[in-house]
Every structure is written in structure tokens, then in C-alpha cells.
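**Student:** Using the sequences and the accompanying hints, generate a full structural model.
Chains as they are written, first to last, in the working numbering: chain A, 1 to 258; chain B, 259 to 469.
Derived by calculation from the structure, the hints in this document are not laboratory data. Be careful, since some hints might not be right.
Stated by the list, open to error - Simulated crosslink set (DSSO-like; lysine-lysine; CA at most 30 Å straight-line):
| id | chain 1 | residue 1 | chain 2 | residue 2 |
| --- | --- | --- | --- | --- |
| 1 | B | K448 | A | K32 |
| 2 | B | K344 | B | K405 |
| 3 | B | K341 | A | K33 |
| 4 | B | K299 | A | K33 |
| 5 | B | K341 | B | K405 |
| 6 | B | K341 | B | K354 |
| 7 | B | K344 | B | K410 |
| 8 | B | K448 | B | K354 |
| 9 | A | K32 | B | K299 |
| 10 | B | K341 | B | K448 |
| 11 | B | K354 | A | K32 |
| 12 | B | K354 | A | K33 |
| 13 | B | K344 | B | K354 |
| 14 | A | K32 | B | K344 |
| 15 | B | K405 | B | K448 |
| 16 | A | K33 | B | K448 |
| 17 | B | K299 | B | K344 |
To be verified - Some but not every residue of chain A turned toward chain B, in silico, with C-beta under 10 Å:
| id | residue |
| --- | --- |
| 18 | D11 |
| 19 | T56 |
| 20 | G231 |
| 21 | E234 |
We treat Cβ as the ideally placed atom computed from N, Cα and C, and that holds for glycine.
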Amino acid sequence: MSNEREDRAEDARVAESYRTLAQERAPDHLNKKVLRMAARQGRTPYSRARAWMRPTAWAATIALSLAIVLELTRLPEVEPELVDIAAPGQAPRETTGGVAEPRTPAAERADPVSMDTIAPKDMSVLREAENRARAQAGPDQLPGAPQADAGAAPTVDIAARKISVEQDRHEQFFDQQDANEPAADKRISAAASLAVVASDEKASESQLACPAKLRESARSWFACIQQLRDGGQEELADTEYEEFRRIFPDFVDSNADK
Amino acid sequence: MAASAETVVRSRPALCSDATLPYARAMGHTPDDSALMLRYKDGDIAAFETLYRRHNDPLYRYLLRLCRHRDTAEDIFQEVWGKIVKSRASYRPTAKFTTFLYRVAHNCFIDHVRRNKRHTNSAELDAESHSHPGEQPETLTERSLAKERLSKALLELPDEQRDTFLLHEEAGLNLDQIAAVTGSNRETAKSRLRYAVTKLRAALDDHPERP
Numbered sequence: 001m002s003n004e005r006e007d008r009a010e011d012a013r014v015a016e017s018y019r020t021l022a023q024e025r026a027p028d029h030l031n032k033k034v035l036r037m038a039a040r041q042g043r044t045p046y047s048r049a050r051a052w053m054r055p056t057a058w059a060a061t062i063a064l065s066l067a068i069v070l071e072l073t074r075l076p077e078v079e080p081e082l083v084d085i086a087a088p089g090q091a092p093r094e095t096t097g098g099v100a101e102p103r104t105p106a107a108e109r110a111d112p113v114s115m116d117t118i119a120p121k122d123m124s125v126l127r128e129a130e131n132r133a134r135a136q137a138g139p140d141q142l143p144g145a146p147q148a149d150a151g152a153a154p155t156v157d158i159a160a161r162k163i164s165v166e167q168d169r170h171e172q173f174f175d176q177q178d179a180n181e182p183a184a185d186k187r188i189s190a191a192a193s194l195a196v197v198a199s200d201e202k203a204s205e206s207q208l209a210c211p212a213k214l215r216e217s218a219r220s221w222f223a224c225i226q227q228l229r230d231g232g233q234e235e236l237a238d239t240e241y242e243e244f245r246r247i248f249p250d251f252v253d254s255n256a257d258k
Numbered sequence: 259m260a261a262s263a264e265t266v267v268r269s270r271p272a273l274c275s276d277a278t279l280p281y282a283r284a285m286g287h288t289p290d291d292s293a294l295m296l297r298y299k300d301g302d303i304a305a306f307e308t309l310y311r312r313h314n315d316p317l318y319r320y321l322l323r324l325c326r327h328r329d330t331a332e333d334i335f336q337e338v339w340g341k342i343v344k345s346r347a348s349y350r351p352t353a354k355f356t357t358f359l360y361r362v363a364h365n366c367f368i369d370h371v372r373r374n375k376r377h378t379n380s381a382e383l384d385a386e387s388h389s390h391p392g393e394q395p396e397t398l399t400e401r402s403l404a405k406e407r408l409s410k411a412l413l414e415l416p417d418e419q420r421d422t423f424l425l426h427e428e429a430g431l432n433l434d435q436i437a438a439v440t441g442s443n444r445e446t447a448k449s450r451l452r453y454a455v456t457k458l459r460a461a462l463d464d465h466p467e468r469p
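**Tutor:** What follows is the structure, encoded as C-alpha cells:
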């Protein structure tokens, strides 16, 4: 046992002596040579590609970002005039005489919604308005029928006449249009103007059933309503009567009492 | 005796100490040799450099003492690392990397011996290693004289015994690993190591080798 312990101690002494003896280090030139060789052979195709892929990726990212920024700064600003036109709920622009101004293609592109609102889809709307006016004027006012009783419904006659005058005016407008202007533009602008006129006439029909002068006094207005009713225009008379009752709720017809 | 030799190995500082790995303390753990080799296999050059810094000096000393000729040792040193680099694609961490490295080195040395018998007559290392230009012979202490004798005795050892002793001291391999590197069995390795240590101890004591 003691011999074994002595042997261990002696072995340790040999190992320690060897360690103090062996202090050599690998020369630097050898280290560099080996590491250079390892670096040269150790690169995988991916790591070789990585050397140029990273700067390329950065350059591409910067170039794309610059391109996007430049594109955004070059975008044209929206003209305030077009913004006003495109604002919802606004009436279409009109020239003097109640005819809608022909719109330029740029304006149409900028404001497609407003064009849809003012332009009828087809002429059936206009015909419908005309027929309604004729129906209100009486059976004699139907197309092709002679005008017999003009004095019975003067206000309706006035409305019908206005429509026909407006139609004539629009026909003249078409004639005056430049031949180079697209036909579609002509149709759209004419339809828009006619629609405006029709809506105006529709609004004025109720107003003109009894003129403003007759409406000033309850008695004269009521007499006008009676006259409408006698003339067979029951709908107009009812409308007028509703409005009459709204303004003069306490009016009592003395003739009726009698 | 073999147990005492293994005790000596365990008392040696670890090969992968903080001195050889500057970032080891900061990272909190030391990458394994096999892990570094696998990283190098994937193209991580820095991993190879770490691995190389761990093993370059012990391997150099092993080859220097084994070949007894500096130029030959450097040639074999480059050859060994060249083979390690080339074998990275087929490397499998089935055994300890140190065993793999020194087996390659041992085989390279054997090939060199077979190719060229010159190394047996070379005494270059002997002359270089033991010259002390700054010291007069009369000022040398007993200790340095003992080292002189140890170095001379080491170089005079038979190749197999010197190989076994160096694998034990420089590579830190145990008997089984030495047997695997040298292609012998454990008992042979144990016997060679014992003979080598006995001769060196005798040289240190400066008395004739006991039979």
C-alpha cells in the first residue's frame, strides 16, 4: 500500500517535471497557415453567398424605400374645385336659363355620384313628367288631343307650356352644341337639365294651382280650391285644401252654413 | 500504477479553460469540442478557430517530442489539421474529439515513419531544447539538471512508450483512449506507460534504470 502511494507521488513528480519542461507553443506562422486553410476550405456555399447577399439586401431595401417615398411625393394634389363639386348633397351647377352646364370629362371623372343624381337613366322620366302634367291638365291635354278648355285649368296649362318651352330650348341647345363634342356628353347634359326642369315644374305645380295673389286671403283661396274641384281636378284641389287648412285652420265656409 | 497515472491526468488543468476561450465566462458555458466541430461543418469558421486554439499547443508538443525534429513536426502538424478540416463533412461525434484528433496525428506520424526513416537519426530537438545560452554550466541547479536528464530520457524512449506517455500527458487521454489511438489493447497501453514513467523517474533521480 505504501509502495503504491510512493509510486503515485513519483508519477506526479515526473508529470510535473515534464510540464515544466514542455512549454513550447505552436509557432504563429503555423497557426496562421492552418487557420487560413481552414477558413478557405470551411466556407459552405451559403456562407460564401452571405458575404455579398447581406449588402445587396440592404441596398435593395433602401432603394425600394426611396422609390416609394418619391412616388408618394409626386402624386398630384386634389384640386379644391373638384372637391367642392364632389361634395355630396350639392346641387349641380347651372348656367343662366336653367340649363345644366355641359361637364368636362375631367369633372365627370371627379364627380361620378353627382352626375348620377342629376342625370336620368333614360328619357322615360321626362315622358312620365310630361304625361303627369297632361293628366293633371285633363284628358284634352293628352298627346294628339286638341286643347279645348284652356280656361278651366290655367295653372296646369302654364306648367305644360313651360315644359314644352324647355324642351324646345333644349333642342336648340343640342343644335348649338359643337359637332366635335361626344354624343354621350350631349345626352347626359341634356338629360340632366331636363330632369332639373321637371323637378322644378313638379314643385311649382302645387304652388301655381292657386296663384299667390288668391292665397293672400282665406276666402279667395278657398274659392280657388272650389273652382279646381268644380273643374274636376280633385287631386290638386285636395292638395290645395290641405295646405289651406294648415294655414287657415279656423276658416269656416259661410256658404256651406247657409 | 495505472490508477496513479490517471490521477495525474485529472489534476491537470482542463484543455478548454477560460484562458483559451475568452468569451467562455461571458457566455456562461463552454461549447463542447464536438459541437464546435459540427458548427464548423456548417460553415462557422470562428468555431474552428476556438477548437484550434484549444488543441494546437498540446498537439504541437506531442508531435515535436514524437518526431524529435521541428520541421517534421510542423509538417505533420499541418497535415493533421488539414485532414481534420477535410473530414468535417463526414465527422460524427461518436467519440471524444481529442481521441479523434490524436488518432489522426498518430496515423500521420506512423505514415511519416514508414515513408521516411530519417526521424530516427534526427537529434535536432535534443540539441535545441537543452541549450541554455544565458546560463553557465556551473550555475545550473540540480532541478534544471534533472529536467535536462528527463528531456534526454524522453527522447531516448522507444517510440511506442514515448507515444503512450505523450498521449497521456499532452492529450490527457486515459488508458482506453490511448489504446484506441494507438490501435492496441488496454493492457499494452498500460504496460508501455508504466515502462516509460519508470525510465523517466530513474532519469530524474539520476541513477541507473532499475530492471
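**Student:** For every hint, state whether the structure bears it out.
**Tutor:** Here is how each hint holds up against the structure:
{"no.": "1", "hint": "B:K448 x A:K32", "in the structure": "violated, 37 Å"}
{"no.": "2", "hint": "B:K344 x B:K405", "in the structure": "violated, 39 Å"}
{"no.": "3", "hint": "B:K341 x A:K33", "in the structure": "holds, 14 Å"}
{"no.": "4", "hint": "B:K299 x A:K33", "in the structure": "holds, 19 Å"}
{"no.": "5", "hint": "B:K341 x B:K405", "in the structure": "violated, 34 Å"}
{"no.": "6", "hint": "B:K341 x B:K354", "in the structure": "holds, 17 Å"}
{"no.": "7", "hint": "B:K344 x B:K410", "in the structure": "violated, 36 Å"}
{"no.": "8", "hint": "B:K448 x B:K354", "in the structure": "holds, 20 Å"}
{"no.": "9", "hint": "A:K32 x B:K299", "in the structure": "holds, 20 Å"}
{"no.": "10", "hint": "B:K341 x B:K448", "in the structure": "holds, 29 Å"}
{"no.": "11", "hint": "B:K354 x A:K32", "in the structure": "holds, 26 Å"}
{"no.": "12", "hint": "B:K354 x A:K33", "in the structure": "holds, 25 Å"}
{"no.": "13", "hint": "B:K344 x B:K354", "in the structure": "holds, 18 Å"}
{"no.": "14", "hint": "A:K32 x B:K344", "in the structure": "holds, 17 Å"}
{"no.": "15", "hint": "B:K405 x B:K448", "in the structure": "holds, 24 Å"}
{"no.": "16", "hint": "A:K33 x B:K448", "in the structure": "violated, 36 Å"}
{"no.": "17", "hint": "B:K299 x B:K344", "in the structure": "holds, 10 Å"}
{"no.": "18", "hint": "D11", "in the structure": "holds, 5 Å"}
{"no.": "19", "hint": "T56", "in the structure": "violated, 19 Å"}
{"no.": "20", "hint": "G231", "in the structure": "violated, 104 Å"}
{"no.": "21", "hint": "E234", "in the structure": "violated, 98 Å"}
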